[in-house]
Amino acid sequence: MSAEAPHVKGGIGQSILRKEDARFIRGKGNYVDDVKLPGMLYLDITRSPYAHAKITAIRTEKALKIPGVLAVITGKDLEAAGLAWMPTLMSDKQMVLPVDTVMYQAQEVVGVVADSRYAAADGAAAVEVDYEPLPVVTNPFKALEPGAPVIRTDRAEKSNHIWHWETGDKSGTDEALGGSEVRVAQDLYIPRIHVSSMETCGCIAHMDSVSGRFTIWMTTQAPHAIRTVFALVTGLPEQNIRVISPDIGGGFGGKVPVYPGYVIASVASIKTGHPVKWIEDRSENLQADSFARDYHIHAEVGATKDGKVTGLKVKTLADHGYTDAAANPSKFPAGLFHIITGSYPFAKAFVEVDAAYTNKPPGGIAYRCSFRVTEAVYTIERMMDILAHKLNIDPAELRLKNFIPPEAFPYKSALGWTYDSGNYAGALRKAMEIIDYAGLRREQAEKRAKGELMGIGISSFTEIVGAGPSQTFDILGIKMFDSAEVRIHPTGKVIARFGTKSQGQGHETTYAQILAEELGIPADDIRVEEGDTDTAPYGLGTYASRSTPTAGAAASMAARKIREKGQKIAAHLLEVSPDDIEWKDYAFRVKGVPTKSKTMAEVAFAAYTNHPKGMEAGLEAVDYYDPPNMTFPFGSYICVVDIDKDTGQVKVRRFVAVDDCGTIINPMIVDGQIHGGLTMGFAPALLEEIQYDEDGNIHGGTFMDYLVPTAVETPNWETAKTVTPSPHHPIGAKGVGESATVGAPPAIVNAVVDALRPYGVEHIDIPIHPWKVWQIIHGGTKPG
Amino acid sequence: MAATARPISPAASLMSVGGPVTKVQVTVNGQLYTAEVEPRTLLVFFLREILGLTGTHVGCDTSNCGVCTVHLDGRPVKSCTVLAVQANGCQVKTVEGLEVGGKLSPVQQAFYEEHGLQCGFCTPGMMMTATALLERNPNPSDGEIRDAIRGNLCRCTGYVNIVKAVKSAGKKMQAPPASGGSP
Chain Y
98 MSAEAPHVKG GIGQSILRKE DARFIRGKGN YVDDVKLPGM LYLDITRSPY AHAKITAIRT
158 EKALKIPGVL AVITGKDLEA AGLAWMPTLM SDKQMVLPVD TVMYQAQEVV GVVADSRYAA
218 ADGAAAVEVD YEPLPVVTNP FKALEPGAPV IRTDRAEKSN HIWHWETGDK SGTDEALGGS
278 EVRVAQDLYI PRIHVSSMET CGCIAHMDSV SGRFTIWMTT QAPHAIRTVF ALVTGLPEQN
338 IRVISPDIGG GFGGKVPVYP GYVIASVASI KTGHPVKWIE DRSENLQADS FARDYHIHAE
398 VGATKDGKVT GLKVKTLADH GYTDAAANPS KFPAGLFHII TGSYPFAKAF VEVDAAYTNK
458 PPGGIAYRCS FRVTEAVYTI ERMMDILAHK LNIDPAELRL KNFIPPEAFP YKSALGWTYD
518 SGNYAGALRK AMEIIDYAGL RREQAEKRAK GELMGIGISS FTEIVGAGPS QTFDILGIKM
578 FDSAEVRIHP TGKVIARFGT KSQGQGHETT YAQILAEELG IPADDIRVEE GDTDTAPYGL
638 GTYASRSTPT AGAAASMAAR KIREKGQKIA AHLLEVSPDD IEWKDYAFRV KGVPTKSKTM
698 AEVAFAAYTN HPKGMEAGLE AVDYYDPPNM TFPFGSYICV VDIDKDTGQV KVRRFVAVDD
758 CGTIINPMIV DGQIHGGLTM GFAPALLEEI QYDEDGNIHG GTFMDYLVPT AVETPNWETA
818 KTVTPSPHHP IGAKGVGESA TVGAPPAIVN AVVDALRPYG VEHIDIPIHP WKVWQIIHGG
878 TKPG
Chain U
1061 MAATARPISP AASLMSVGGP VTKVQVTVNG QLYTAEVEPR TLLVFFLREI LGLTGTHVGC
1121 DTSNCGVCTV HLDGRPVKSC TVLAVQANGC QVKTVEGLEV GGKLSPVQQA FYEEHGLQCG
1181 FCTPGMMMTA TALLERNPNP SDGEIRDAIR GNLCRCTGYV NIVKAVKSAG KKMQAPPASG
1241 GSP
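Quick mapping for you: the protein sequence lines, in order, are chains Y and U. First residue of the first sequence? That's 98 in the working numbering, and the numbers climb one at a time after it. First residue of the second sequence? That's 1061 in the working numbering, and the numbers climb one at a time after it.
No wet-lab data here; the hints were simulated from the structure. Don't be surprised by glycine CBs; every beta carbon is placed ideally from N, CA and C. Possibly wrong hints are sitting among the right ones.
Restraint ranges, calculated between C-beta atoms of paired labels, are given here [said to hold, decoys possible]: (1) Y:K106 - U:D1202: 28 to 36 Å; (2) U:N1197 - Y:H258: 58 to 66 Å; (3) U:R1196 - Y:E229: 53 to 61 Å; (4) Y:A505 - U:G1162: 56 to 64 Å; (5) U:D1202 - Y:G332: 53 to 61 Å; (6) U:Q1151 - Y:T250: 58 to 66 Å; (7) Y:D862 - U:R1100: 40 to 48 Å; (8) Y:D251 - U:D1202: 51 to 59 Å; (9) U:R1196 - Y:P507: 55 to 63 Å; (10) Y:D862 - U:G1162: 48 to 56 Å; (11) Y:R624 - U:N1199: 34 to 42 Å; (12) Y:Q872 - U:Q1151: 50 to 58 Å; (13) U:N1197 - Y:L161: 50 to 58 Å.
Only chain Y is shown next, with the shape it has when bound in the complex:
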């Protein structure tokens, strides 16, 4: 920015430091477990050691004898209150506590309430439960075989099949593939992974029996939606429910669902009359909270012999665990998986997904991408590499040959999306230049000649975020708008409240920057609040990179409503007609006489002290923003790996990420989001996986064996940007939180497969642990 250019302190495009950090760097954050109320009790939970079993007896006498233990809560207690089951977001149902059958290992069985954390844990350990084991199904393919044990005997349909969903032109796609000169097909498995936010989940529920007020401090990314769900499920009047989402120690989608612990704590508070705190352990968090992915994908791509894509067909089996508790918009059981045509102009495409029950905890929630976009991007970007290899074309060249060109936007995809804007070749060319792609290919050829293993992988992803337009996007009927309420005080200072909820993204800073830009008031003078349903306007919360596309847009629109009123006040102060006033360079100015002007602060003071006759006092506005379309961030990533032949260890030598998220509000924060997102793309590619054995025992249920990357494994990310604004967002922003998690895995896998081409490898399922690589090098096997 040049010194002369008009700007406002802390406006859009400035890397201002974060407002929220003042408390975090001093250890003064206020997370749920930091809240302490008078008379507060603690809940701990006895969990099932079996993945599928009949409960034949529950004995709680010993637990109740432990000093400090005050109450136990079982499924039978909840059944009496009609709360043994609760609805999921996908119109399925989920147990709070089981009445007679457990469905997965680590499932909640009995709640124990005590006057101390340790006594509650002692009590939970002293509960005795007798089980009669039942046949276990952990493989979704086996779950759908005839004669498989039916897991959900409560349903009318006696099968483990949940639903079938499809979209696209089936016969047209078959025809396109049949007529294609080249066809490639591949099975791809994306295993279960877990968000593992550093803060686990928890709450303090407090039913005040005198006032009838129910308050819950809760690790939730969507406090308003939770309030409404609580009202609908419990019958409590909604005005008596207050959901407070204090500082959240990372969410990534794992804090969208309502977990049984929240409900048990709530019942415990009603039962005891005391506030009840429930904070899960890490092991409980990893073993029982909802999971992401678990998609078994078969994909087929057709192309002409010179490499132009023709058709895409995808068949997928989704493992949902024992209930469909996915966190998708209600009309999208497979999320936005049909973004799967990616950055390429497939004329024909068809996608189908079948969902199955297994004896695992609920799956289908986010891992920094809620709506199956990661699964889609992984599939298409792996398939493009497989196609490139089949055609013997460089994978960069194949992508450049196929990309939807910039002039084709808005672009209507074969599966029905209208992409807002893009310049895919621009991002890939930039990444190739930064990393010296040609030089790397030369180096690779030299190394290959010497028998050394080096690989280069590309991912040119298209994201879809900002859910969403109300005609198609709702959660249990509630439209997916989001909101901002902006109030300017007489001294020109601002308080703004939002329906979203930051979990580390820095909303207090970025929203203030949007408002600073729109109102001409320095970001330092703007206070942003979220997460208290008593004060914030209604919104659907923060997940799926929707905050900037929805609530960020609402901030702009609310500010513009304020400017409309401000224009009339400025006209009054400057004694001209409102039509003679324009908003320019962060002030209300008389057209043609720009020095004759009033700042927003002057107008705000007048709004309370000298407003025009007939006008209401005050200067504030609310906006509920219904986005006209989704936004489509994109980018190109290039990864270089070296592989140690003796150990099978994959080392990411360089990783260049060129992202385009439209207008950038705070470059420092955007880079931070990309660094974190890349690490959460790297993790499932090379490290993280939750596995189950045939008896349903979880492998990877603690941080000892669930491998969250440390600073040592994590590459030193290199980032760059292109900027292609969204044409329909008020400031052209698209959202960025999940892009890198979505885009990174195929770049890494493509690089590893590229390195191992000399061994005839076409694909390796993630996570690519050293043993898989070692077997390829030394055992001659080809892991599928």
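Dock chain U against chain Y, hints included.
Structure of chain U alone, referenced to chain Y:
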């Protein structure tokens, strides 16, 4: 600093359930605290729930994540893996003790300036580990920093800006006091 004994009422002790208790005296951030605790009480719960120093967090149950890192007699330890009775007679420093006289420590200042935190949950432990590293090696390489913080997990930042912050803090510690604004 004068040692001030602070009595703890039984009601304030979240650990005591009527079993045997042990008296501990621990100096935390320069202040002497005396309390009666169950012998099994972990240092992290002593700090958080008895002393109310909630800046030290709990993130796992296997000593892997490091969000509970504090200094025990000057060395970084995971306070979920130390009993309060083991800290008897010791000096403990927590994140609340980093800022002195209203002035942020170089590590705090650098984490703020380099965007070395996002959700803030791992930040106290990360800063305590970084502080201990810089006290013995004020000029670490990137590799030495990454190695030093390998016991502290962060899910938000991808570590890039944490490494930058630790480097920058090391420089601040060696340079004369600078003027950077604090938040």
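Cross-check of the supplied hints:
1. At roughly 33 Å, the beta-carbon separation of K106 of chain Y and D1202 of chain U lies within the given 28 to 36 Å, and the hint holds.
2. Between N1197 of chain U and H258 of chain Y the Cβ separation comes to about 59 Å, which falls inside the hinted range of 58 to 66 Å.
3. Between R1196 of chain U and E229 of chain Y the beta carbon distance is about 58 Å. The supplied range of 53 to 61 Å therefore holds.
4. Range check, A505 of chain Y to G1162 of chain U: about 58 Å between beta-carbon atoms, so the 56 to 64 Å window is met.
5. The hinted range of 53 to 61 Å is satisfied by D1202 of chain U and G332 of chain Y, whose Cβ atoms lie roughly 57 Å apart.
6. Range check, Q1151 of chain U to T250 of chain Y: Cβ separation about 60 Å, and the 58 to 66 Å hint holds.
7. The hinted range of 40 to 48 Å is satisfied by D862 of chain Y and R1100 of chain U, whose Cβ atoms lie roughly 43 Å apart.
8. The hint said 51 to 59 Å for the Cβ distance between D251 of chain Y and D1202 of chain U, and at roughly 55 Å that hint holds.
9. Taken as a hint, the range 55 to 63 Å holds for the pair R1196 of chain U and P507 of chain Y, whose Cβ atoms sit roughly 58 Å apart.
10. The beta-carbon spacing between D862 of chain Y and G1162 of chain U, approximately 54 Å, falls within the hinted interval of 48 to 56 Å.
11. In this structure the hint that R624 of chain Y and N1199 of chain U lie 34 to 42 Å apart at CB holds, the actual value being about 40 Å.
12. Between Q872 of chain Y and Q1151 of chain U, the C-beta spacing of about 51 Å keeps the proposed range 50 to 58 Å intact.
13. In this structure the supplied range 50 to 58 Å holds for N1197 of chain U paired with L161 of chain Y, their Cβ-Cβ distance being about 54 Å.
In the structure shown, no violation is registered for any of the earlier numbered hints.
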